[in-house]
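Undergrad: Sequence:
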Amino acid sequence: MNYSCDVYEDTRKAYGETLVQLGEERDDIVVLDADLSSSTQTHMFAKKFPHRFFNVGVAEQNLMGMSAGLALSGKTVFASAFAMFGAGRAWEQIRNTIAYDRLNVKIVLTHAGITVGKDGASHQIIEDLALMRVIPNMKVQVPADATETRALVRAAAAYDGPVYIRLTREKSPKIFDAYDYPDGRAITLIEGADVSILACGYMLAEAIIAAAELKKQGISASILNINTIKPLDAYSIVSEAKKTGAIVTAEEHSIIGGLGGAVSEVLCENYPVPLMKVGIKDLFGKSGSSKDLMNKFEITSENIVDAAKKAIKAKN
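According to the working numbering, numbering within the sequence shown proceeds without interruption in unit steps and concludes at 316.
Just so you know, these hints were derived from the structure itself, not from any lab. Keep in mind that the hints are not guaranteed to be accurate.
DSBU-like, lysine-lysine: derived pairs with alpha carbons at most 30 Å apart [claimed, not checked]:
| no. | residue 1 | residue 2 |
| --- | --- | --- |
| 1 | Lys310 | Lys174 |
| 2 | Lys286 | Lys230 |
| 3 | Lys296 | Lys216 |
| 4 | Lys313 | Lys243 |
| 5 | Lys243 | Lys215 |
| 6 | Lys48 | Lys174 |
| 7 | Lys216 | Lys315 |
| 8 | Lys174 | Lys296 |
| 9 | Lys243 | Lys281 |
Just so it is clear, the structure is predicted and the values come from calculations on it, not from any experiment.
Could you build the full structure based on these sequences and the hints that come with them?
TA: In structure tokens, the structure reads:
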């Protein structure tokens with residue numbers, strides 16, 4: 001299948017539209033936001049269902065506490081804010097009130113990663129996957145485009161328990177025309193024999209572009225969409241390791257504790273092969289355009305190509 005990645009869509013808008021659809025279908029859906037509804041796109045739900053929407057103000061810890069209370073009263077709760085503050089500032093409330101009691105709260109946070117751009121390091125969370133992944137009972141997901149966002153949000157609403165969904169500020173390249181949610185299993189987009197590239201979120205499009213460039217150079221690369229970081233599809237990862245013998249991970253997140261760290265754990269325990277991680281290398285973000293920051297922090301398709309060659313060389 002050909003993936004052009006030349007049409008861009010807004011994952012935040014897809015989230016907002018899906019909330020409205022869910023609200024029309026189910027009376028138990030409620031939405032909370034931390035005074036950022038125009039940015040997170042929950043304002044769509046607020047306009048349609050004002051009595052089921054709660055703006056808690058700039059108080060992310062209260063956002064999570066109130067979400068827990070509503071979940072205890074039988075509601076299916078979607079809580080949204082910027083990822084830096086929802087996952088960072090409110091981490092203790094998420095751990096102790098939502099995850100500990102396995103409450104039915106869906107934490108959908110936007111503006112994650114360095115592609116937030118000029119807002120700078122204070123708003124560019126690159127640790128959120130690690131923070132959420134380490135919490136027991138928490139499902140952690142990263143949709144790659146608007147179509148996948150709609151599917152994961154719907155799946156989260158049907159799931160009984162806490163879910164973290166990570167969204168970006170920037171529009172993402174359209175990858176899927178239609179989508180059949182695979183319940184956490186990795187999705188193989190391209191079959192290859194020389195190296196396996198495992199990507200999530202915004203970086204999936206970069207991985208697809210990298211695979212096309214590698215093909216021009218005579219290198220056959222598998223591309224896997226790892227939309228669920230936890231629970232991780234260990235079976236597919238080990239199968240790829242056995243098939244190609246070389247793995248590359250690509251994420252808009254720190255290489256510590258995110259997709260790369262999770263895949264490292266699986267390979268180390270089951271089938272060790274050379275692994276190269278494309279991600280933020282233990283650094284804080286900077287202010288700049290999304291494109292410039294991706295180049296600066298070396299998370300482009302070119303960096304994936306280089307990492308793939310290194311992994312193959314290490315294998316050989």
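Undergrad: If you draw a straight line from the CA of Lys174 to the CA of Lys296, is it 30 Å or shorter?
TA: 24 Å, holds
Undergrad: Under the criterion that the straight-line Cα-Cα distance not exceed 30 Å, is the pair Lys286, Lys230 satisfied?
TA: 28 Å, holds
Undergrad: Hey, Lys243 versus Lys281, does the alpha-carbon distance stay inside 30 Å?
TA: 28 Å, holds
Undergrad: Is Lys310 within 30 Å of Lys174, Cα to Cα?
TA: 29 Å, holds
Undergrad: Regarding the pair Lys313 and Lys243, is the alpha-carbon distance no greater than 30 Å?
TA: Holds, at about 16 Å.
Undergrad: Hint check: Lys296 vs Lys216, CA-CA at most 30 Å. Holds or violated?
TA: 25 Å, holds
Undergrad: Check the hint pairing Lys216 with Lys315 against an upper bound of 30 Å on the C-alpha distance.
TA: 21 Å, holds
Undergrad: Verify the proposed pairing of Lys48 with Lys174, using a straight-line Cα cut of 30 Å.
TA: 27 Å, holds
Undergrad: Please verify whether Lys243 and Lys215 have alpha carbons no more than 30 Å apart.
TA: 17 Å, holds
Every hint, counting from the list given before, is met by this structure.
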